[in-house]
Amino acid sequence: MSERRRFIARVMVVGLLATIVRSPSEAQAAGSAEEIVRRLLASDPFGFNDATIDAHLVVVDRTGSKRSLAFRAISRRYAPPESETLLRFSAPPDMAGAGFLQIEHRDADDDRYLFLPELGRSRRIAGSLRSSAFMGTDFAFADLDRRDLREGIDTLLPDVSVAQYACHVVQVVPTRSDSPYSRIVVYVRPDNGVPLKMEMFDRAQVLAKTFDARELRRVDGVWYIVSSRMTNHPLQHTTELVIDQVASTQAASDDLFSVRNLEKP
Amino acid sequence: MRRFIQALIRFRRFIVFGWVASLVLAGFFASHIQSRFQFRDFYDYPGNPAIPVLQSYHRDFGDPAGNVVVLLESDDAFQPDRLQYVDALTKALEPVPIFRRIRSLTTVRPSRAVGDDVVTGLLLPHLPVSASEARAAKDIAVADRLLVRRIVSADGRATAVLAEMKTPSEFSSIDEQRDAIRAVQGQLALTPPPTGVQAIVTGAPVVEVQTTDDLMNDQQRLMPIVFAVLIALLVLTFRSFLGAALPLAAVVTSVLWTMAIFALLNRPLDMIGSIIPTSLIVYGVVDPIFVLSRYLDKMQRGESKEDAIVASVSELAVPCLFTSLTTAVGFAAFIPTPIATVRFYGVTVAIGVVLAWVTTVTVLPLLLALLPAPLPASAGRAWSSRTAPLFARLWPWLRSRQVAVFVTAGAVLLAGLWAASTRQVVNDYVRGVPPGPVRDTITLLEAQFTGVIRTVVYLEGDPGSMRRPEVLKAIETIDDFAESQPLVTTSTSVVDLLKEVNRAFHGGSPAGAVLPKSTALVEQYLSLVDPEDLGDFVTSDESRAQIAILSRDRGSKPVRSMQAAIERVARAATAGTNVQMYLTGQGVTGYREMDRIAVDMLFGFVVAFAAIAALVAVVFRSWRAALVSIVPNLVPTAGCFLVLVALRTEVRVDNAIMFCIAVGALFNTTIQFIARARALAAERPTSPVDERMASALATVGPPSLLTAVVLSLGFGVLCFSKFPGLQTLGLMCAVTMLLGFLADAAITPLLTWRFLGARRSLQTEPAAVDGDVLALPEET
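These protein sequences, in sequence, are chains A and B.
Numbering-wise (this note's numbering), the first sequence opens with residue 11 and increments by one.
Numbering-wise (this note's numbering), the second sequence opens with residue 69 and increments by one.
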């Protein structure tokens, strides 16, 4: 084979390889924004769908003061994508035993109950909580119920890299009037549908919060974000969420997610 | 000096270029001076031990009253269209980068009970469309101790939109505060309030910006009046416009040079600094008047123009330097004070007075030499010719009534002593603002919402301290005590927050508005509160907390007395809790320092008074001369306090400057009279004492009267200031300067005659004080 032919063959091989390598990404990029968000919702990166997690939160304020919370959360997707979650705090000691039950509804407000051991009974928490912080952290209830993602209007933006990983970028404009956000920009890994980054803009179109995934772990075939940080820019607050243990709980019973069970410390 | 003046005249055409260049350069620097009124200028100085705590507090909790406030007044703030407007205004202000957050009825998240449910989150998740929905929201708002007087008035008729600045307003610049106010006003212009709603922009930033603007306006208004008064006096004295222009040219030069130095020191012109230009112009014009008068005398005697210039300047340079130095020493007495605003005032005026002497011996002869035509020979003589005989006749009149004079002086001194004993140091923040709309809005804010005087009980302990029952109990005790104080408009703490949450978890019953008993429940409640709301009261790790006490401004005395009572209760309440308690905040640190400045000024006056008396003793080599000089100068000081009593005004920062100013004016006439009397005794030891005393009075009286008139009318211009404190200062200056002259004209001759003039003759004439003579008609 002459040198010239060898060179042409090399170029063709390289070109073919390049085509093969690029193909899956292009195929995924061809997916619509809605499809990407659907994949994101189907994934359970926080273990709030069908999992039992032991996690802790560290809230750091602008002066550097820290506060920690630890909890176990058991969740079940009872009518996908709606799920119910029971969360029980174990730390700090004064919070031990306090519980929180959330049952998502498709066409109605979610039910939320809080059990404070000192009061001996649970209370239904009503009102427009979605813009409020979850247990004093930088995660709002709206960040946890994912209604804005479920019910928003999605637009695909050009792909970008986040922490060296190519990501699809989708802008979600919430449609609910009680959303604290005017838009959410989500950076999703194409291969597993896990969001590596989310930027939430407040009603004044100012960047209010940034969610950054810091460590992902695959457990029983599901990718979980085991370490993440939510930064509240106006308050200069951050909340680190670390999932210490995670296990899939496909068969959690219905009774587990009842007020009666919540009130059992 | 003679050679220097001769050289100056010889090279006048070159030197004039240097003079003009210096004016241009000085003008350039002076134009960069900024006016600024900020409360923190009184207390934010290196070494102030209160600042670290205040800064630490601000880092943790911001500035509790540093908001630009939009007050929306109507018959009912909860009408749907009004709430819609509040929402629109809030949303419009939220994107403005200068603001950290906007709080209003549409952003607050009170905890409340509805039936068996606990409702948290926004008070108005959606805007009410019906009257009943609006009424429900009103019922919640006016029952919430954290909202009443902060966001809504107790009767629900007025509401406030609070725009909190990113940089706490207490530590932000005037420009930042101005931008914040403009942003709010711009938005109000774009979206005017609905019919029946009155929108008022107020708050602490408005006070500081408006006061700064008023200071600038004051300068722009007062300076022309000062010049007009001086020109009128000079024209009357010299019967010539050139006679007015020459001394003013010299003094304007010194003022420009001084202001350039002031600009290089990088200081803004604050309330005290705003007196600097007036002080310099009024003081600076005196020496050029004397030199010009002496020059005119020489010219009238037939001396050549150059000889007259050289002789008059060289004769008066040293005496003028001496009086300038005594004045400068008086102002320099304020240099040791750590408070920058007072220190810079002292430094600047001391430098300015010396520079005024420099321009008197340089610029004035330069201009005299440059002028093509001399002034009319008769100019300047009319004043002294007419008044000198009157002063000469004053002596026998005084001598025959010496008992009456001493009794009157004693009575004035005793009355002054009494007046001084009744005066206290009381400063104001709000009442220092010129009367007008801004002051009215602050009064309105105080009446319906919070005051702008911030007193903070700042607590610091180990992490978790602030949830301990004994600490919370202490906070509750302090909070309750503060709220019981008549001046306090609001006192809020984490305890109020906990009480509201507890009430919500107890079905909304008022009986539930109590502190939870267990630490665990406290922790659980706190974890329910949004960090943004919680951060107003306690840090995340619960190691630090604040009780924010806002009060009406009734002056530093009642506020400080209230603060002292709160501090006492706070100390007792926190004893044994292992929590450090600090009383801080703008109202604490600011008022403490303002009062201290006033006291420092009084103390500085005493020091300067003693220093000048000592200087008199040294110069005259006579302790009797020093003692004699003290009495006539105590009389105008007593007069100052009598003016304060008459005006029912206490000693404040803005009128205590009087004592700085007085230091520069007092003693000069006394020194000149003693010097003249002793000089005459040495010159004419055989002539009758009465003749010598009358001659001394005739010599010193006219220029002293002219000086007193210039000073009292010059400083009296301050009566036209917008600031109440400066108006008082103007009146005090006018009275003191005239009283100082009267005391010197009446008491000094008698004391000199009794203790110095008649019994002793000076061996050597003190050249340093013989010279401030306008004319000697009977000797020429």
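Be a bit skeptical, because a hint or two may be false.
Claimed, not checked - The calculated lysine-lysine pairs, modelled on BS3-like cross-linking and capped at a C-alpha distance of 30 Å, are:
no., chain 1, residue 1, chain 2, residue 2
1, B, Lys790, A, Lys76
2, B, Lys625, A, Lys76
3, B, Lys625, B, Lys790
4, A, Lys207, A, Lys76
Claimed, not checked - Footprint (simulated), chain A over chain B, 3 or more residues, beta carbon under 8 Å:
no., segment
5, 143-154
6, 158-172
7, 580-589
8, 596-610
These aren't lab readings, by the way, just hints derived from the structure by calculation.
The model shown is predicted, which means the values in this text are computed figures rather than measured ones.
Ideal Cβ placement from N, Cα and C applies to all residues, glycine included.
Hint check results:
Note on B/Lys790 and A/Lys76: the hinted pairing is violated, with a Cα-Cα distance of about 51 Å set against a maximum of 30 Å. Using a Cα cut-off of 30 Å, the hinted pair B/Lys625 and A/Lys76 is violated, with the two alpha carbons roughly 41 Å apart. At roughly 24 Å between alpha-carbon atoms, B/Lys625 and B/Lys790 fall within 30 Å of each other, so this suggested pair holds. For the given pair, A/Lys207 sits about 23 Å from A/Lys76 by alpha-carbon distance, which is consistent with the 30 Å threshold.
Counting residues of the segment 143-154 of chain B whose C-beta sits closer than 8 Å to any C-beta of chain A gives 0, which falls short of three, so the coverage hint is violated. For the segment 158-172 of chain B, the stated coverage by chain A holds: 5 residues have a C-beta nearer than 8 Å to a C-beta of that chain, and at least 3 were required. Coverage of a stretch by a chain is defined here by at least three residues with a beta carbon nearer than 8 Å to that chain's beta carbons; for the segment 580-589 of chain B and chain A the count is 5, and the condition holds. With a threshold of 8 Å between beta carbons, the proposed coverage of the segment 596-610 of chain B by chain A holds, since 11 of its residues qualify and at least three are required.
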